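Model the full assembly from the supplied sequences, consistent with the hints where possible.
So the protein sequences, as listed, match chains S and E.
Read in our numbering, the first sequence has 262 at position 262, and its numbers run on one by one without any break.
Read in our numbering, the second sequence has 526 at position 526, and its numbers run on one by one without any break.
Just to be clear, a hint being listed does not mean it is correct.
[As the list claims (entries may be wrong)] Negatives, chain E to chain S, calculated, CB over 10 Å:
hint, residue
1, 76
2, 463
3, 465
4, 596
5, 659
6, 767
7, 786
[To be verified] Covered stretches of chain E, as calculated for chain S (at least 3 residues, CB under 8 Å):
hint, stretch
8, 190-204
9, 243-256
10, 823-835
[To be verified] Sample of chain E residues with no beta-carbon within 12 Å of chain S, all distances over it, derived:
hint, residue
11, 31
12, 321
13, 359
14, 539
Read the hints as simulated data drawn from the structure, not as lab findings.
What you are looking at is a predicted structure, and each value in this text was computed from that prediction instead of being measured.
Think of the CB as a built atom: it goes at the ideal place given N, C-alpha and C, for glycine as much as any other residue.
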Amino acid sequence: MTRREVDDVALKLLHTADWHLGKRFRGFDEPDRVALSRARLDVIDRILAAADLRGVDAILCAGDLFDEPTPDRQWWEPLASKLSGTKSRRPVILLPGNHDPLQEGSVYHPDHAFRRALPAWVHVVDRDDYTFALNDLAVLHARPCRSRAGQQDPALALPAREPGDERIRIGMVHGSTFDAVDCQTNFPIAKDAAARRGFDYLAIGDTHSTRNVPPDARPPVVYPGTPETTSFGEAEAGNVVAVFVTRSRRVTFQPERVAYWSWTERTVRSLGELRDLRSEPQLARTVLRLTIDVTLSAPELDEAEAILRELKGTTATRGRVGILQVDRGRMRLDTAGIETLLADLPDVLRATVAHLRTMEASDQGEVARSALYHLYRLVREAGAP
Amino acid sequence: MRLVRLSVEHFQCIRSAELDFGRGLNVLYGPNDLGKSSLAWAIRAVLLLQHNAAAHERFVSWYGDGEPRVALTLCDDEDRYWRVTKTFGGAGSGRSHLESSKDGRTFITEVSGRQVDDKLRTMLRWGIQRPGGQGPRGFPSSFLTQVLLAEQQNVPGVLFDGTLVNDPDDSGRLRLTEALNALAQDPLFKKVVDAAQARADVAFTPTGKKRNGRGSPFVEIADQLNGMLRERDELETKVRETIAAEARVRQVGLERDELLLRLEESRAALVTAEGQLAARQRRDLLRTQLEACLTTIRSVEDLQRQIAALDEQAPRLQASIAAGEAGLATATAAAQRSEAERDRARKRLDSLAHEDIETDRRLRALGERESSAREALYQAERSVEKASESLRLARSAAAAVVQASGLASTAAQEAAAADEAVASATAEVARAQKEAELVSAERDEPPGQAVASGTEPRPDLPGADELASLRALRDELRVAEARLGGGLSVTVRPRKALTLRFTVDGQARRPAKAADETVVAAERTLAVSVADLVDIEVTAGEESARQAATKLQRRWAKQGAAVLARHGVETLEELEALCQRAEADRRAAEAALARRLQQALASAQTRRDERMARAQRLRDAAVQAATRLSDARSRASQLDPDSGQQALGAAEEARDVRKRERAALTEEIARVETERGAAISSARKAYETAEERARLDRTSVDQRGGELKILAEERTRAQAALAELRIQVAGTNLDEARRTAGALQAELSPLEGQLGALDLPDVPLLRSTVDRLAAQLRDSDTELARARGALEQVGGAVVRDRQRDLDQAIQQARDREHETEVEFDGWKLLVETLRASESAEGSHLGRALAGPVSERFRSLTRGRYGKLELGPHLQAGGLQVGGNLREIGALSAGTQDQLATLLRVCIAEQLQSAIVLDDHLSQSDPDRIAWFNAILRDAARQVQIILITCRPSEVLAPDELPAAGEPTHSGAAGLVRVVDMTKVISRFAPVTPADPLPAPG
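Below is the structure:
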């Protein structure tokens, strides 16, 4: 943004969406679930801080702020508290999305306690013809989701620019752009909807990656993405978007990272890679899905398990990785030579080893290898030679 | 288990005895013949023998009348007291009781009778079969009874005969296995198996089933997984609803779009059709007007052309009428000529028809003659066939005579041969009958007579009377020898090491080299061979009894022993068995011979019967052949082949004449029919030709008449029409009509170009279609609104997101479940495999026990011997000496006793069971006895030892003996209890005191 453009800026917005407060992370251990769920509340502080830093005119929240229409109090109450605690008192516009549609009894319904807990500068888009004057030069038109699915284009449902209306027009809806699979039934947004309705910027929510759809769209049709990643495979997530509109209605926007967690999937194929992983920095704020695809001897397996314990941590010690999810499905014990490792044992234990080795070729091979490893560890723990 | 108290009455030489045992080493000492070993037997009897078993007879008192009675109090491992009391005797006098007590004072009866032994077997678990079970007869014995209660005479027996294999019951093996497993268990193995079991117990019950309670790792994961699967089912339902709603919306939307398109198309088509319809109506009107105008013009012009044509036609019609009249006259004349010719042909045909009647008559006559000729020919052919058949029959009869003659001759020869075979078989039967009768007569004769079987008895075997006599003599000798009983003891004190050979009551013992004093006891006789120097024989009993016995022994040597020696047997029972086997062999041979003869006789009779039946069949066949020959000859005499041949020639000649006659007649008939056909055909053709010509000529006349009439009528009509046409033409304005037609054509031409070849549009149909589509579109709009409403009620992309998240979580849970199962199945498998390996190793009981025994034995022998090899069933295999395995039998008798005692003590220690050592080291030197004393005192800390000895000085220190007048003394803090058995046992007969000990101090 050039200096002239800064001077000409007539409207500054912070565009965010898809907070998914109350989302459950079922594939994780209980402490990790709690941490990931709590992180979705924590990121709101950073969003509000970013708004303060930029001095935006308003914060546009384009839907799916809650993971479901009737979240527990533990999710909406802290949000209301955080919004009430802002000193800037700049307008915050909350839009119901398809995850948290505006329905009877939903969190956005005027009768809900959440609404009563919200401060005056926080507004909920609770009408189909919702209009809000962002400042003297700009107006917001928005339309809420009233169901989890719909076929009508919410953007085209917004009013078109009237002849002679030269104000900055911002649209805000929640739905799927034309390029998404099955967009026809998920509040489809036409490619030219913003242009047809005369908007200078269409703030939308739903997809968790930050995108302008299409990339060079004018006027911009922007997904800010989720501010905290919700699952592996979500590229370009963890952002909010700062929007700047000049008096001549030129629009620029800029993604800004606010997420705490980075989500990564890795596969290690040797013990050396696993050892190297131990020394990598920045793992403390990483949600790591680690697939171990390697065959190891019993001592190596011992070492690998020790490294994994170090990476994950225990109830008493903090792990090197923030949140670690390990897939041991392809981590196998190489039993060749285990007789040598256990050669000095009493006859009865050596007979046990021999018998388990013969069972490896049977359909109980995996269990037999497990038993061999158990035996190896017990013998070592017992201090045998 | 330990012994607490023993009470004995009327048991062998003991009138009564009663003693208490200590927990550790119990030394029971007393002189020989006091009855110490009887007490050991009393312990064995009360624990092992049923009160009514036949073996109890040996315990019946030798001097008194009372039944043997033993009461033994035990204390088990749980400090519970048991008192077993048995009075031995047959039916009515024997009885058993088993009582129990918590304090050893107040007892209550648990069981009685046979159940006592059943209960004792269960308590002791010594490998003795239960009462009533299948097992060896006599005194119950097993490996553990041999170990714990070995007899005095068989101290080293456990090394030679001891094995668990021969135990009648597995209880002893199981008890030893349990006890020795603990001994064999390696500390590391125990640590490993305990840890593995602890981990397996987290997930599995003791029976190996997965735990399903709280804390089970399976349950926790399964609960999580099941919860997620239930949630996924719900989500799947919602996803299905979403998919259905989305599909419905898409379908209804597509249908609506299609309807809208069709409606718009239909509306456009309707507008077009309505325009076309208006133009078409105008065009049709113009066409009608133009057509009317043109019709008028064409009508006037046509009238004008008709008038001109009629004017031209009148002269031609007149000329045609004149020519028609001339042609009619010519045709009439030709017709008259043709009819005349036709009439002539008719007449000719009628004439030929008359001639044909005559020809028919002639043909019928010829046909009749031909029929007669055909019949005659048929008869002639029948005659030829009959003659041929007669000739064939005559020739066949002659051949049958020749064949029947041959058959009759053959049958007669076979019948004669069969008669000879019958005679031979009859003779064979007679011989077999004679042999069978002979054998039968011989079997009826008494045994010992010569028989044809060749199984003659041994003539020198004694008969039944002689055997009975020998048996009586033997019984008399046994009674006499029994009266010699009373016991004796011989003490040998060699002045140097000598080989001594003892024969006790007739049973030789192994020779042994001894340098020390040796005491040997016997019941009746005892023989001692001192090296090769002297044989000494000592006999017990009163003088009269000895003389009577000697007398009978001489008689037996003369009468009985000679017979036994002659037959190479040692006992009378063996001789009796020999006689019985010989008699059985003889009877078996006779029976076999009789069976063979009976089989031979039956076989001969069968052959004779078969030959007689065959001879009869052949005789019958000869008679039938003769009858058939006679019949053939009779038939042959009635048929002559030569006269038959002549008759056949005559018949064939007559048949040929008839054939020729019939052929001539057939030819004549054919010729007549051909001639008649040709004439009639020619006449009929001529008539038909004339008839056709006449018909054609008449037709020509009629045609020309008709044509002429038409021409006349046509001329009349033309004249009338011409007048009418001239009137019509005169009233029409032809020019005006032509101008009107031109104007109409000018307007019509553009419309014709515009409409072209278009079909007539169906405007009502199009209008109806538009109305129908409009209604459908309204319905579709309603349906689309409904579908969109339904779509808003479903989960949409939200439930898809949740399902995707849940699928990932389920997969991870399943991975965790699999990992957990593999981990705990691994623990379970490890425990099972460890136990199986332990069991396989532990079943070799010898390995567990050989160690401690060998260690003590090495200490005893100061390292001279190595490890004792014990088999899986505890049978002794030998000793490792200098790297080689040496047989136990190669050891000295004393060393064998020591090794056997060590093995027994070790087993007792493992079982924590009392052990009775009855004079166990009688052949050991003082050093080893001293070593053993230390071992026994050490072992007595764990196990109760009952040591019976006649040499207390070898076992006890002087201060350990009871004080004067006291029967018992306890020392070593109660570990050693010493009992002077002379003060405990009350014998039926007096005994000498035990060997004197040096006075204390």
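Per the stated criterion, does the least C-beta distance between residue 596 of chain E and chain S lie above 10 Å, as a non-interface residue requires?
64 Å, holds
Quick one: work out the minimum CB distance from residue 659 of chain E to chain S and report holds if it exceeds 10 Å, violated otherwise.
103 Å, holds
Please confirm whether residue 463 of chain E is truly not at the interface, meaning its C-beta sits more than 10 Å away from all C-beta atoms of chain S.
69 Å, holds
In terms of Cβ atoms, is chain S entirely out of 12 Å range of residue 31 of chain E?
52 Å, holds
Just checking, residue 76 of chain E versus chain S, shortest CB gap more than 10 Å?
31 Å, holds
Coverage claim, chain S over the stretch 243-256 of chain E, checked by counting residues with Cβ within 8 Å (three needed):
The restraint on the stretch 243-256 of chain E holds, since 5 of its residues have a Cβ under 8 Å from chain S and three suffice.
In terms of Cβ atoms, is chain S entirely out of 10 Å range of residue 786 of chain E?
12 Å, holds
Beyond 12 Å on every Cβ pair: is that true for residue 539 of chain E relative to chain S?
Per Cβ check, residue 539 of chain E is outside 12 Å of chain S; nearest 60 Å; holds.
Establish whether the coverage given for the stretch 823-835 of chain E by chain S is satisfied; the threshold is a Cβ-Cβ distance below 8 Å, and no fewer than three residues must meet it.
holds (count 8)
Checking a non-interface call: every C-beta of chain S should be farther than 10 Å from the C-beta of residue 465 of chain E. Is that right?
Holds: least Cβ distance 70 Å, greater than 10 Å.
12 Å cut-off, C-beta based - residue 359 of chain E kept clear of every residue in chain S
Non-interface label on residue 359 of chain E holds, nearest chain S Cβ at 111 Å vs cutoff 12 Å.
Does the no-contact call for residue 321 of chain E survive, Cβ to all of chain S over 12 Å?
99 Å, holds
Hint compliance for this structure: no hint is broken.
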